[in-house]
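**Q** So the chains spell out like this:
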Amino acid sequence: MPLVYADTSALFAFFHPKDAFSVLLTRAARKLAPDFVYWSFLRYELRHNLRQARVDPYGEVAWSALRAAERTQARLRWQPDLKCDSILEAAEEFSGARAREFAAGSADFLHIAAARRLHHLFGLEEFWTCDEEQSKAVKVAGLKVRVLAL
Amino acid sequence: MTDVTSKMLHEKTGQLLDRARQGERFRVLREGRADAFLVPAAESVDPEWPEIMAEVWQARKKPGATRPNPVLKERKARNYAARLC
Chain A
553 MPLVYADTSA LFAFFHPKDA FSVLLTRAAR KLAPDFVYWS FLRYELRHNL RQARVDPYGE
613 VAWSALRAAE RTQARLRWQP DLKCDSILEA AEEFSGARAR EFAAGSADFL HIAAARRLHH
673 LFGLEEFWTC DEEQSKAVKV AGLKVRVLAL
Chain B
134 MTDVTSKMLH EKTGQLLDRA RQGERFRVLR EGRADAFLVP AAESVDPEWP EIMAEVWQAR
194 KKPGATRPNP VLKERKARNY AARLC
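Top line first, the protein sequences correspond to chains A and B. Basically the working numbering = 1-based index in the first sequence + 552. Basically the working numbering = 1-based index in the second sequence + 133.
Excised from the complex, chain A in its bound form (with noise of 0.2 Å):
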């Protein structure tokens, strides 16, 4: 199975049956059949966004699915190399010679420098995010990128 870093956006928009990305994601997931890049940071912010939609039915669908793929060893691959201060470290240095030519935030850089760790190690597929702004960060750390956009 390809390795894909989905950032939280396309993550999200994967396992929450009615997000405003939903269909999007699925199509391209049905078509690569991805497995997915996970790590401490990711699980965190995706865990925390998909806790507050477990509000109807569907939250708890989304909730139920992000746990049994956390169950697996693949569909959402851990990678133990992510540690987070490394990271945090890859991330400021990213942002020092390029925070003031995007948009994105700071946490689109921490997926970025998460990602592009993991392309030097081992390569990645793809980023996938629904965020335009973070995607042109992603480019220009030499990833390749899809763009979920609606």
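Calculated directly from the structure, the hints in this document are not laboratory data. Misleading hints may appear alongside valid ones.
What the hints assert, rightly or not - According to the in silico footprint, chain B covers these stretches of chain A (three or more CB under 8 Å from chain B):
1) 555-565
2) 576-585
3) 601-615
4) 622-632
Said to hold, decoys possible - Straight-line Cα separation of at most 30 Å, DSS-like style, residue types lysine-lysine; simulated pairs:
5) K209(B) x K635(A)
6) K194(B) x K583(A)
7) K691(A) x K635(A)
Glycine residues also receive a C-beta, built at the ideal position from the N, C-alpha and C atoms.
Take the given structure of chain A and dock chain B to it, following the hints.
**A** The following block gives chain B in isolation, referenced to the frame of chain A:
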């Protein structure tokens, strides 16, 4: 992942099972097409996305409006706040 033909699997079943027991994984090809995988029994076989996502994809078909992506909403709000300062 090592490719083997269905003929090899038939002729060398014991040998391939021994190798699988030691951790090797095989893709079984028939007429050049991948038909099956042979993986060590100790290795758990993960469900594919359609199995994991069945309820999500079913729920998506139900009528009802879609909602804005909360992650994008948060990012935009943060950027807007930063520009105000």
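**Q** Per the coverage rule (Cβ-Cβ under 8 Å, at least three residues), is the region 576-585 of chain A covered by chain B?
**A** n = 4 at 8 Å, threshold three: holds.
**Q** Within the assertion that chain B covers the region 622-632 of chain A, do at least three residues meet a Cβ-to-Cβ distance smaller than 8 Å?
**A** holds (count 4)
**Q** Would the pair K209(B) and K635(A) pass a check requiring their Cα atoms to be no farther apart than 30 Å?
**A** Holds: K209(B) and K635(A) sit about 27 Å apart, inside 30 Å.
**Q** Holds or violated: K194(B) with K583(A), Cα cutoff 30 Å?
**A** holds, 19 Å
**Q** Verify this for me: three or more residues of the region 555-565 of chain A with a beta carbon less than 8 Å from a beta carbon of chain B.
**A** This one holds; 5 residues, not fewer than the three required, reach chain B with a Cβ under 8 Å.
**Q** For K691(A) and K635(A), compute the direct alpha-carbon distance and say whether it is at most 30 Å.
**A** holds, 23 Å
**Q** Does the region 601-615 of chain A contain three or more residues whose Cβ lies closer than 8 Å to a Cβ of chain B?
**A** holds (count 7)
Of the hints listed earlier, there is not a single one the structure fails to meet.
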